[in-house]
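Build out the structure end to end from the sequences listed, making use of the hints.
This is what each chain is made of:
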Amino acid sequence: MPDDSPESIDLDRLPDSVLTHAADVVWVLVEDEVVLYHVPTSTSHVLNPSAGLLWRCVDGQSTLHEILVDVADIYEVDVDQLTAQVTPVVAEWIDADLVVGQLVSAAPAPAPTQHAANEAWERLPDPPNQ
Amino acid sequence: MRSVWSHFVMVGVGSTAISVGTDSEQVVDLLRPWTIEDYDVSDIDLFDYAVALDPPHPEGKTGGPKPMPRLHRGSCVLTTSPDPQQVTAALLQCLATHDTTTPAPPGTMRIELTPLIRNGAAVLAPPRQVMPLSERRLSAQGITRLDTVSCLLDPEAMTASFDAPLGADAPHPPVPVVGLFLPISGKGPGVVQFTAGRAVGQAMGLTLDVVSDNAAWHLESLARCVERTPTDLAPGNASGWSDALDRLFNRGRDL
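Those protein sequence lines, which keep their order, are chains A and B.
Residue 100 in numbering that gives the first Met the number 0 sits at position 101 of the first sequence, and the numbers go up by one each step.
Residue 85 in numbering that gives the first Met the number 0 sits at position 86 of the second sequence, and the numbers go up by one each step.
Hints listed in this document are in silico derivations from the structure and should not be mistaken for laboratory results.
Be careful, since some hints might not be right.
[To be verified] Example chain B residues on the side facing chain A (calculated, C-beta under 8 angstroms, incomplete):
#1 A88
#2 A195
#3 V199
#4 G200
#5 S211
#6 E219
[Stated by the list, open to error] Here are the simulated distance ranges between beta carbons:
#7 S61(A) to S14(B): 46 to 56 angstroms
#8 Q60(A) to S74(B): 29 to 39 angstroms
#9 T40(A) to P131(B): 27 to 37 angstroms
#10 E65(A) to E226(B): 32 to 42 angstroms
#11 L28(A) to P102(B): 23 to 33 angstroms
#12 C75(B) to L28(A): 50 to 60 angstroms
#13 D94(A) to S14(B): 30 to 40 angstroms
#14 F7(B) to T40(A): 30 to 40 angstroms
#15 S74(B) to D77(A): 46 to 56 angstroms
Source: prediction; values computed, not measured.
Note that the Cβ used here is the ideal one computed from N, Cα and C, for glycine as well.
What follows is the structure in C-alpha cells.
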C-alpha cells in the first residue's frame, strides 16, 4: 500500500504520483494567474499562467504524467521536455505543503531539473507592513 | 537596559498587553483607565508604542526648528503633528485596533490598511507608508488620514469601518472604499509586475484572523475587491504619494 505522506514522495517518480491540493490551501483564479493561500503559514503564492494551468489540472485522480500528456498535446510540446520543466515546480509545491502526492506506480521517470521552478511560480513573503 | 522614555506603562486592550513609552505624565494619565499591572509576558503584543509630546532637539543640534510631537510604533514614526492632542488621539485610535477579542462582524474582514478620506470616500493604504506622511500636505489635497492601523472591510458593499478610539463610544461610520494601495513585496531585486493576482496575494497577507473556515471567503472576496476597485502599488517614497493619491481618488471617482 502506498504511503501518501509528502515526506515519502520519491521526487524522481513524481510523474507517477496522483496529486491533490492540500486541504489547508485555498485558491482563486485572478485573470490568468492563480493565487494560493496556505492557511497554516499565512502565506500567499501567486502562480503565473503556466503554473496556474497546471494547478487547475490537479484533480486528485490523474497522475502528473497523465496531466502533462494532455497539456503537451494541447500546446504541441514534447512531453518529456515538459516533464523535466514541471517536475521541480511540483516538487516545490510538495515541499511547501501546497499539494500532497500519492505514488501509484513504480515506473521510472525523468529526474527533475531545478531550472524551471524559480521562474514558474513565486512566493510572496508577508508584506513588510509592521 | 535603560529606556529612553521617562515614563512607561503597560496597556491592556482586549486580551493584549501593549507597552507605551512616553515623555509626558499627561499621556500616563490619559492611559490610566487601561493601564495594567499584572500581565503575562506571552500576551504582550509585538508592537510597542511611544509618544513624544516634547521631543528634544537631535543630539548636537540645538538650533533649528523644534521637533514636533510624534507617535512611534516600534521604530516607525506613525504620525507627527504640531498639536499634541492630535498625537494622543492617534495613539488612542491605534491602540483600539489591537482589541482582537471582538471578531470582525459577519461579512467583514479586518485588514491592516489605513484609510485616507476625501469627499467622504476612502482610499486604503499601508499604515507604515502613509502614517508618516505630512498631515499638512494631505490636508492641502483635501485628504484626511484616520490614524488607525487596520480597518474592517466589507468586500460586498466595498465600505470600510473603523474602531472607535479607546474611551469613545461610537465607531466612525463606514465610508465607501474607492481605491487600494498595497505594499511593495519583500521579494528580492528586480522589477516585479504588479498584476491583479499579485495584488490579491498582497492584500491577503494583510488580512487578520484568517482560519481554515474563512480563508476561501477572504481570498475570493479580495479577488472581487481587486477586480472592482482601482488598485495600485504603494509608492516607495514620500514624494510619490501626492500624485499617486490624486490618481487613485480620481480613478475611483470616475467609476
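Okay, the hints, checked on the actual structure:
no.: 1; hint: A88; result: violated, 21 angstroms
no.: 2; hint: A195; result: holds, 5 angstroms
no.: 3; hint: V199; result: holds, 5 angstroms
no.: 4; hint: G200; result: holds, 4 angstroms
no.: 5; hint: S211; result: holds, 5 angstroms
no.: 6; hint: E219; result: holds, 5 angstroms
no.: 7; hint: S61(A) to S14(B): 46 to 56 angstroms; result: holds, 47 angstroms
no.: 8; hint: Q60(A) to S74(B): 29 to 39 angstroms; result: violated, 51 angstroms
no.: 9; hint: T40(A) to P131(B): 27 to 37 angstroms; result: holds, 30 angstroms
no.: 10; hint: E65(A) to E226(B): 32 to 42 angstroms; result: holds, 33 angstroms
no.: 11; hint: L28(A) to P102(B): 23 to 33 angstroms; result: holds, 28 angstroms
no.: 12; hint: C75(B) to L28(A): 50 to 60 angstroms; result: violated, 35 angstroms
no.: 13; hint: D94(A) to S14(B): 30 to 40 angstroms; result: holds, 35 angstroms
no.: 14; hint: F7(B) to T40(A): 30 to 40 angstroms; result: holds, 34 angstroms
no.: 15; hint: S74(B) to D77(A): 46 to 56 angstroms; result: holds, 53 angstroms
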